[in-house]
Amino acid sequence: MDDKELFARYKETGDPAIRNAIVEKYLYIASLLAKKFVGRGVEYDDLFQVAALALIKGVERFDESKGLQFSTFITPTITGEIKNYFRDHSRLVHLPRKVSELRAAIKKETELLLAETGKKPTAKELASRLGVSEEDVVRAAEAGGVVSLDRPVDSEEGMSFYDVIPAEDDAFEQFENRDAVRASLQALSETERKLVACRFEEELSQAETAKRMGVSQMYVSRMERKILEKLRENFKKSTVQ
Amino acid sequence: MELLSMKVCLSGEMMTTVRLATGGVCSCAGLDLDASEDCKLCVTESILLLRNSGYRMVCITFEEGEDMAVRVTGCELGRPAEKAGEDEISFALLEALAEDVTTEKEGDRLSAVGFRFKHGR
Chain A
2 MDDKELFARY KETGDPAIRN AIVEKYLYIA SLLAKKFVGR GVEYDDLFQV AALALIKGVE
62 RFDESKGLQF STFITPTITG EIKNYFRDHS RLVHLPRKVS ELRAAIKKET ELLLAETGKK
122 PTAKELASRL GVSEEDVVRA AEAGGVVSLD RPVDSEEGMS FYDVIPAEDD AFEQFENRDA
182 VRASLQALSE TERKLVACRF EEELSQAETA KRMGVSQMYV SRMERKILEK LRENFKKSTV
242 Q
Chain B
283 MELLSMKVCL SGEMMTTVRL ATGGVCSCAG LDLDASEDCK LCVTESILLL RNSGYRMVCI
343 TFEEGEDMAV RVTGCELGRP AEKAGEDEIS FALLEALAED VTTEKEGDRL SAVGFRFKHG
403 R
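As you go down the protein sequences, you meet chains A and B in turn.
Take 2 as the starting number for the first sequence in the working numbering and just add one per residue.
Take 283 as the starting number for the second sequence in the working numbering and just add one per residue.
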């Protein structure tokens with residue numbers, strides 16, 4: 002069965018087996034195109050997956066009666082999907098497509114209005130020309146472009162953005178947490194504090210803790226649960242205050 | 283204005299040089315990163331097409347005007363032409379990525395590929 006017949010039969014019956022046969026026949030194009038886009042920060046496997054999905058979508062959309070070869074039709078379709086994927090998932094931090102498009106439209110419209118009226122347009126004028134809200138115009142204008150982490154923060158210190166972005170394990174946060182835990186522990190009884198010390202400072206097992214304290218493991222387990230609830234409550238209270 | 287013109291031997295090792303040079307020219311012409319990567323891909327595809335036509339050397343010219351115009355011309359024959367099934371995909375890829383894709387033939391043989399990229403200036 003040639004391609005034209007295959008597509009005609011699939012359109013007629015919607016039989017997934019025929020669709021699968023077409024997809025399998027042209028999967029090499031998905032692989033070929035995915036390979037051509039390797040090296041731009043996205044793994045081949047991801048690109049191949051995107052390309053294969055585009056191929057499946059393409060099979061659904063292809064109209065064999067227009068006389069076009071499927072390979073000619075599917076190449077730009079897959080390429081388009083891969084490029085969309087790059088736009089949305091590459092390692093650079095990109096603005097959402099809608100915001101980028103609005104920024105481009107604002108730039109164009111600003112130039113047009115400037116030429117028409119001789120003065121720079123206001124956000125209100127731009128919003129009315131573009132059919133969006135004033136807030137959208139302001140937000141898009143504030144969004145800015147892609148910024149390099151290596152860009153200097155100031156010319157004197159020679160520090161980059163990367164240098165001044167706080168690390169996830171913030172030392173101040175750790176200090177505050179430790180302080181809050183210390184305060185919460187003060188509210189526990191002496192026995193409870195002893196249990197916490199065994200379990201969380203010395204990292205003993207419940208059985209070892211029970212032996213050390215001369216109680217049963219069951220008792221340690223129950224007490225531990227109670228202590229944790231108590232600490233959680235104290236923590237909550239201190240955060241609210 | 284011509285930015286760069288180079289004559290390249292179509293060996294696998296030279297492809298990296300071609301891609302690096304293309305990236306540099308694209309940067310000079312103000313193309314963004316995506317367009318620059320697309321341009322590299324189009325130059326590579328054009329070279330593959332000309333290699334399949336039997337050329338062993340090509341001339342690549344980059345010109346800057348309203349857009350950046352690239353032209354890859356076969357300049358020395360020296361290998362048997364191959365009827366590669368992937369040529370059709372290469373043409374479709376060029377059409378998908380670049381603008382105003384043109385081809386020239388000498389008899390049945392493809393002899394040049396041209397295309398344009400809009401720059402961000």
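Hints may contain errors.
[To be verified] With a cut-off of at most 16 Å between alpha-carbon atoms, the simulated EDC-like pairs for lysine to aspartate or glutamate come out as follows:
#	chain 1	residue 1	chain 2	residue 2
1	A	Lys84	B	Asp316
2	A	Lys108	A	Asp89
3	A	Lys37	B	Glu368
To be clear, the hints were calculated from the coordinates, so they are not data collected in a lab.
To see whether the hints hold, each was checked on the structure:
Using a Cα cut-off of 16 Å, the hinted pair Lys84/A and Asp316/B holds, with the two alpha carbons roughly 9 Å apart. Restraint check for Lys108/A and Asp89/A: not satisfied, since their Cα atoms lie roughly 22 Å apart, outside the 16 Å limit. As the CA atoms of Lys37/A and Glu368/B are separated by approximately 12 Å, the hinted pair is consistent with the 16 Å bound.
The structure fails hint 2 only (numbered hints given earlier).
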